[in-house]
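Protein sequence lines correspond, in order, to chains E and A.
Heads up, the first sequence is in the working numbering, so the first residue is 27 and it goes up one at a time.
Heads up, the second sequence is in the working numbering, so the first residue is 33 and it goes up one at a time.
Honestly, I wouldn't trust all of these hints.
Unchecked claim - Below, in silico cross-link-like pairs of lysine to any residue (SDA-like), each with a Cα-Cα straight-line distance of 20 Å or less:
# : chain 1 : residue 1 : chain 2 : residue 2
1 : E       : Lys428    : E       : Gly348
2 : A       : Lys141    : E       : Arg528
3 : A       : Lys141    : E       : Ala529
4 : E       : Lys618    : E       : Arg672
5 : E       : Lys428    : E       : Leu367
6 : E       : Lys571    : E       : Asp635
Hint data in this document are derived by calculation from the structure and do not stem from the laboratory.
Given the structure is predicted, the values throughout are model-derived calculations rather than measurements.
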Amino acid sequence: MIRRVGRLLRSLVPLPRDLSLAWKTIKGQKGGFAGSFVALAAGSAVITACGILLMSGLASGVAPERYAGADVVLSAGQSFWLDESSAVRYSERVTLPADKVAAVAAVPGVKAAVGDVDVELSVLNSDGGVVGGANGYPVYGHGWTSAELGPFRVGTGHAPTAPDEVVLDSGLAWRAHLSTGSTVRLVVGSNASTYRVVGIADPPPGGLARQSALFFTDDQAVELSGRPDQVAAIGVLAQPGVNPDMLSKAITAAVPGVEPHTGTGRGDVEFLDVGDARNLVVDSSASFGGTMVLIVVFVVASTLTLSVQQRRRELALMRAIGATPRQIHWMIGAEMTLVSLSGALAGAIPGVLLAFVMRGVFVLAGAMPPDYRMDVGVLPVLASLVLCVFSARISGWLVARKVARTSPVEALGEAAVEPRKLGRVRLAIGVLLIPVGLLLTLGNVADSGDSVADVAASAVLFFVVALGCLGPVLLRGAIVLFGRFLNNQNHAAGFLAQSNTRANVRRLSAGATPLAIGVTLAAVQIFGATTTGAATQAQLNDGLKAGHVLTASSGAGVSPQVAAAVSSVPGVSAVTPVARMQVLLTFGTQTKVFAAQGVTPDRLADTMDLKVDGGSIADLHDGTVALSDVTARMVNAKLGGTVVLRLGDSTLIKPRVVALYDRGLGFGDVTLPNDLVVAHTTAQVDSAVLVASAPGSDQGALADALRKAVAAYPTVRVGGPAAFSVTPAAGDSGGWALNLLFQTLLLGYIAIAVVNTLVMATAARVREFAMLQLIGAGRDQVRAMMNGEARTVIFSALLFGLLAGVPSLVGMSLGLSHSPVPDISVLGLLAIAVLTVALCWGSIAVATRFAMRSAPIDAIGGRE
Amino acid sequence: MQLRRGTFTAVMGPSGSGKSTFLNCAAGLDRPTSGSVWLGDVELSGLGEVELTEVRRERIGFVFQAYNLLGSLTVADNVTLPLRLAGRRTDRQFLHQVLAAVGLGDFLKRLPSELSGGQQQRVAVARALITRPEAIVADEPTGALDTRSSKQVLELMRRVADEMGQTVLMVTHDPVAASYADSVLFLADGRLAGELRRPTSDEIASRMTHLGEW
Numbered sequence: 027m028i029r030r031v032g033r034l035l036r037s038l039v040p041l042p043r044d045l046s047l048a049w050k051t052i053k054g055q056k057g058g059f060a061g062s063f064v065a066l067a068a069g070s071a072v073i074t075a076c077g078i079l080l081m082s083g084l085a086s087g088v089a090p091e092r093y094a095g096a097d098v099v100l101s102a103g104q105s106f107w108l109d110e111s112s113a114v115r116y117s118e119r120v121t122l123p124a125d126k127v128a129a130v131a132a133v134p135g136v137k138a139a140v141g142d143v144d145v146e147l148s149v150l151n152s153d154g155g156v157v158g159g160a161n162g163y164p165v166y167g168h169g170w171t172s173a174e175l176g177p178f179r180v181g182t183g184h185a186p187t188a189p190d191e192v193v194l195d196s197g198l199a200w201r202a203h204l205s206t207g208s209t210v211r212l213v214v215g216s217n218a219s220t221y222r223v224v225g226i227a228d229p230p231p232g233g234l235a236r237q238s239a240l241f242f243t244d245d246q247a248v249e250l251s252g253r254p255d256q257v258a259a260i261g262v263l264a265q266p267g268v269n270p271d272m273l274s275k276a277i278t279a280a281v282p283g284v285e286p287h288t289g290t291g292r293g294d295v296e297f298l299d300v301g302d303a304r305n306l307v308v309d310s311s312a313s314f315g316g317t318m319v320l321i322v323v324f325v326v327a328s329t330l331t332l333s334v335q336q337r338r339r340e341l342a343l344m345r346a347i348g349a350t351p352r353q354i355h356w357m358i359g360a361e362m363t364l365v366s367l368s369g370a371l372a373g374a375i376p377g378v379l380l381a382f383v384m385r386g387v388f389v390l391a392g393a394m395p396p397d398y399r400m401d402v403g404v405l406p407v408l409a410s411l412v413l414c415v416f417s418a419r420i421s422g423w424l425v426a427r428k429v430a431r432t433s434p435v436e437a438l439g440e441a442a443v444e445p446r447k448l449g450r451v452r453l454a455i456g457v458l459l460i461p462v463g464l465l466l467t468l469g470n471v472a473d474s475g476d477s478v479a480d481v482a483a484s485a486v487l488f489f490v491v492a493l494g495c496l497g498p499v500l501l502r503g504a505i506v507l508f509g510r511f512l513n514n515q516n517h518a519a520g521f522l523a524q525s526n527t528r529a530n531v532r533r534l535s536a537g538a539t540p541l542a543i544g545v546t547l548a549a550v551q552i553f554g555a556t557t558t559g560a561a562t563q564a565q566l567n568d569g570l571k572a573g574h575v576l577t578a579s580s581g582a583g584v585s586p587q588v589a590a591a592v593s594s595v596p597g598v599s600a601v602t603p604v605a606r607m608q609v610l611l612t613f614g615t616q617t618k619v620f621a622a623q624g625v626t627p628d629r630l631a632d633t634m635d636l637k638v639d640g641g642s643i644a645d646l647h648d649g650t651v652a653l654s655d656v657t658a659r660m661v662n663a664k665l666g667g668t669v670v671l672r673l674g675d676s677t678l679i680k681p682r683v684v685a686l687y688d689r690g691l692g693f694g695d696v697t698l699p700n701d702l703v704v705a706h707t708t709a710q711v712d713s714a715v716l717v718a719s720a721p722g723s724d725q726g727a728l729a730d731a732l733r734k735a736v737a738a739y740p741t742v743r744v745g746g747p748a749a750f751s752v753t754p755a756a757g758d759s760g761g762w763a764l765n766l767l768f769q770t771l772l773l774g775y776i777a778i779a780v781v782n783t784l785v786m787a788t789a790a791r792v793r794e795f796a797m798l799q800l801i802g803a804g805r806d807q808v809r810a811m812m813n814g815e816a817r818t819v820i821f822s823a824l825l826f827g828l829l830a831g832v833p834s835l836v837g838m839s840l841g842l843s844h845s846p847v848p849d850i851s852v853l854g855l856l857a858i859a860v861l862t863v864a865l866c867w868g869s870i871a872v873a874t875r876f877a878m879r880s881a882p883i884d885a886i887g888g889r890e
Numbered sequence: 033m034q035l036r037r038g039t040f041t042a043v044m045g046p047s048g049s050g051k052s053t054f055l056n057c058a059a060g061l062d063r064p065t066s067g068s069v070w071l072g073d074v075e076l077s078g079l080g081e082v083e084l085t086e087v088r089r090e091r092i093g094f095v096f097q098a099y100n101l102l103g104s105l106t107v108a109d110n111v112t113l114p115l116r117l118a119g120r121r122t123d124r125q126f127l128h129q130v131l132a133a134v135g136l137g138d139f140l141k142r143l144p145s146e147l148s149g150g151q152q153q154r155v156a157v158a159r160a161l162i163t164r165p166e167a168i169v170a171d172e173p174t175g176a177l178d179t180r181s182s183k184q185v186l187e188l189m190r191r192v193a194d195e196m197g198q199t200v201l202m203v204t205h206d207p208v209a210a211s212y213a214d215s216v217l218f219l220a221d222g223r224l225a226g227e228l229r230r231p232t233s234d235e236i237a238s239r240m241t242h243l244g245e246w
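Turn these sequences into a full structure, and let the hints guide you.
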């Protein structure tokens with residue numbers, strides 16, 4: 027038993043003498059290990075960055091401002107839990123019943139419990155312009171009692187006591203040039219009213235950076251919120267000496283249905299975007315970091331294989347002089363430990379920088395608030411160290427296994443021609459994957475839970491694996507078919523390039539295959555996005571019939587009264603208020619997020635043609651829903667059946683499906699009655715009001731008439747169809763940016779693997795280049811030969827990479843727009859081609875130059 | 033020192049005696065710091081890198097200890113490679129003649145990996161001959177071969193000098209190999225330390241012992 031443990035330990039931790047041998051080998055074989063080192067350093071950087079993001083997501087956040095003085099903040103559950111570990115955030119504020127306030131106040135240890143309401147509003151200055159909140163953030167109105175949670179203290183004047191009295195935070199008052207005694211116009215929704223400023227409040231010690239605050243009397247705040255029986259959150263002040271965490275436990279035990287938050291977590295309740303970001307960052311960095319570990323193993327194993335192949339003779343010699351396979355394992359293990367430790371350490375600092383770059387991208391994409399704090403600790407670096415050493419040891423073990431098995435005699439023999447045949451299993455898998463992939467992409471076979479386009483997009487994996495399996499075969503085919511055109515056989519360099527590529531397909535495919543896979547992934551990523559974007563825009567262009575669109579210039583949106591106000595304007599034939607939110611549909615055991623709109627069915631086709639192809643949209647009333655065809659198929663819903671739907675504020679409804687339509691991408695996959703959606707958005711407003719004109723009416727005159735009709739609503743603007751924006755894609759706002767970022771990192775890593783492989787394979791040909799020069803080749807002829815080989819690799823990678831992406835793109839396009847032609851941008855193609863050329867030709871050219879550095883006669887006599 | 037056309041000269045000397053430098057200068061791979069090198073009527077020491085490459089390609093044939101051939105090319109393609117690099121047409125008849133001369137007339141389509149080490153060296157000799165060079169420079173051509181293969185290669189070099197009238201210059205450590213030459217030059221500490229004409233291997237060995245370790 028002890029011996030077994032000893033052996034296990036021995037296989038993990040190298041002995042000093044193994045390490046010193048390994049160190050000497052590494053010093054002598056810099057080129058071979060440089061590849062693994064670079065791969066590990068880059069992998070370590072990404073893993074460290076993901077770790078830092080994960081830690082920041084778990085522990086950091088944004089400190090509360092208005093709730094800074096509350097010991098515990100209670101909220102309703104803002105997330106829908108898909109399973110134990112992953113959650114979807116609701117798009118609107120989930121509110122708490124107001125009667126919980128009293129229940130919480132009764133819990134022992136609670137000094138006071140304050141229900142808070144948030145009313146998003148716009149402050150108008152004297153000439154009708156809008157005064158923004160702090161740092162461009164919105165202004166929220168609250169009841170005065172909640173000032174205690176900050177705490178806000180009245181600096182001048184007094185607390186509001188009458189419905190038309192307000193207190194402003196000092197920053198807002200300064201920006202709006204208001205003081206006690208002046209009057210101010212406030213717009214809630216679209217409705218403007220005049221209030222008297224009776225006091226200026228000093229903000230809490232931390233100040234207000236993400237909002238401006240304005241206080242009404244409690245009753246007025248509740249009135250304006252439109253939800254008399256609900257509060258946004260409950261702030262709890264503890265009695266002296268009561269620990270917040272203990273208090274949380276006591277409250278949740280006594281009052282069901284509330285979620286306690288303490289410390290920085292209170293900021294998540296105050297600022298919903300912080301909680302959204304936390305959810306997004308934790309989810310994505312955890313999954314991406316995990317994937318990255320697998321990729322590191324793969325890349326390190328492939329570079330290591332190459333370097334071990336190049337030292338085949340040395341290893342064979344060790345076997346011949348009596349090293350046992352286990353000793354070979356130890357040796358390679360020790361080498362990998364050294365390389366991975368140094369690589370992981372080298373990647374740590376860039377990893378920290380990368381974390382900040384990734385954060386920057388999240389912020390740019392709007393997925394993360396710019397003030398979200400990053401937690402840079404030692405833990406992510408340590409974790410990356412352990413993971414890198416671990417994955418390097420795994421790949422080292424995989425490679426050593428192969429080497430240790432070959433007999434020394436076999437390995438010492440003159441370098442044989444490379445094995446020509448691929449394994450039969452590998453070939454069979456590769457060939458079989460193609461029809462499976464084709465079926466998934468073009469067969470219209472989406473199962474419930476995935477749209478046809480999603481299935482087609484993910485089927486690219488089948489083609490990628492097929493590429494991996496069949497790479498050498500495909501490359502050989504390309505060389506036989508096209509080699510003559512790529513390389514002029516009448517020139518020595520072209521002839522040599524063609525002969526070399528034909529004879530060394532396996533060596534070449536080690537670089538060409540990952541390159542092709544990168545091309546495929548990039549093509550599907552880029553052109554998938556452009557195809558989706560084009561289909562969305564096309565649906566919107568075709569479906570939007572309204573000539574005029576009313577939107578809000580500030581605040582949350584347009585109040586429902588505005589639609590009524592313009593419907594009687596002469597020349598208006600139809601008015602459709604449009605409210606938007608994200609809803610969850612539950613089907614079987616799955617729940618997914620969909621973009622939803624709320625509209626009135628009355629003459630809907632005049633303003634918005636959804637291309638209804640089943641049922642009737644006119645039946646869209648209480649208790650009903652219309653679904654896009656894609657969604658209906660995905661959630662397995664039939665006309666007349668019911669669906670399980672959660673609105674943006676978590677309200678569960680089970681509406682009956684009354685209509686199916688085609689243009690879900692442009693307008694939203696779920697269409698609900700307008701009043702229902704409005705009632706369940708945080709601010710209870712529409713996003714826009716669509717106005718269609720009667721045939722033959724003067725558009726300019728109508729626009730003027732509309733402007734006159736909304737004159738009473740200072741924030742409402744009359745615009746053309748362009749003012750109606752595309753539905754934000756379902757899912758999280760920053761989803762696409764994240765996706766893009768991670769894909770870029772992934773492709774970057776593939777690029778490192780490609781460069782590694784090509785550089786190592788080229789640099790190992792020192793003696794070949796030397797010999798060519800000695801028998802009369804000029805250096806330019808050697809370079810021309812290598813350019814010819816690079817040409818073959820580039821051509822094949824682009825050809826097969828793009829071909830492998832085509833089925834997925836066609837399938838996506840069919841699923842999205844019924845057209846088999848995806849939207850392929852010339853610029854995107856050019857970018858892919860330029861990158862491919864730069865990576866491949868760049869690495870080969872540099873490595874060739876490097877390999878011809880020493881005088882030919884020295885090189886040819888030198889060691890392998 | 034002058035090497036006459038059609039002679040076979042071996043160069044010997046202890047490690048560090050300047051054998052390689054001598055060979056590199058003679059073959060136009062390196063330029064001497066003092067003195068001059070003439071090949072026929074061309075002064076190699078005065079040429080630039082491009083001209084030297086051309087001279088090597090046209091007028092000098094090389095045979096190395098190992099790694100002489102491109103694994104991806106057939107025997108015929110390997111032999112004709114210098115012509116191809118020079119952009120010259122291949123004289124098929126001469127190719128057959130040369131390959132027959134090295135005893136590999138039937139191996140045109142073989143790949144190097146299908147040949148023995150001795151056969152590979154003979155292909156290298158054939159390649160050195162294909163440009164009808166003025167000199168063949170060989171650096172330890174038998175260093176990696178067994179006795180029997182060595183003998184074949186050395187006999188071939190001898191024939192190349194005698195029957196084809198080529199000038200052959202060979203660096204070697206092996207007294208037996210050197211004994212195939214018309215004359216043996218001994219180098220020590222970068223200087224010419226003597227010469228033996230038509231020597232036996234025993235004479236060479238004793239001379240080498242005299243020069244120091246070898």
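A quick look at each hint next to the structure:
1. Distance restraint check for E/Lys428 and E/Gly348: the Cα-Cα separation of roughly 17 Å lies within the 20 Å cut-off, and the hinted pair is therefore satisfied.
2. Distance restraint check for A/Lys141 and E/Arg528: the Cα-Cα separation of roughly 15 Å lies within the 20 Å cut-off, and the hinted pair is therefore satisfied.
3. For the hint linking A/Lys141 to E/Ala529, the alpha-carbon distance of about 14 Å falls within 20 Å, and the restraint holds.
4. In summary, the hint linking E/Lys618 to E/Arg672 is supported, as the alpha carbons are separated by about 10 Å, within the 20 Å threshold.
5. For the suggested pair E/Lys428 and E/Leu367, the alpha carbons sit about 24 Å apart, so the restraint of at most 20 Å is broken.
6. Distance hint between E/Lys571 and E/Asp635 is fulfilled; the C-alpha atoms sit about 7 Å from each other, no more than 20 Å.
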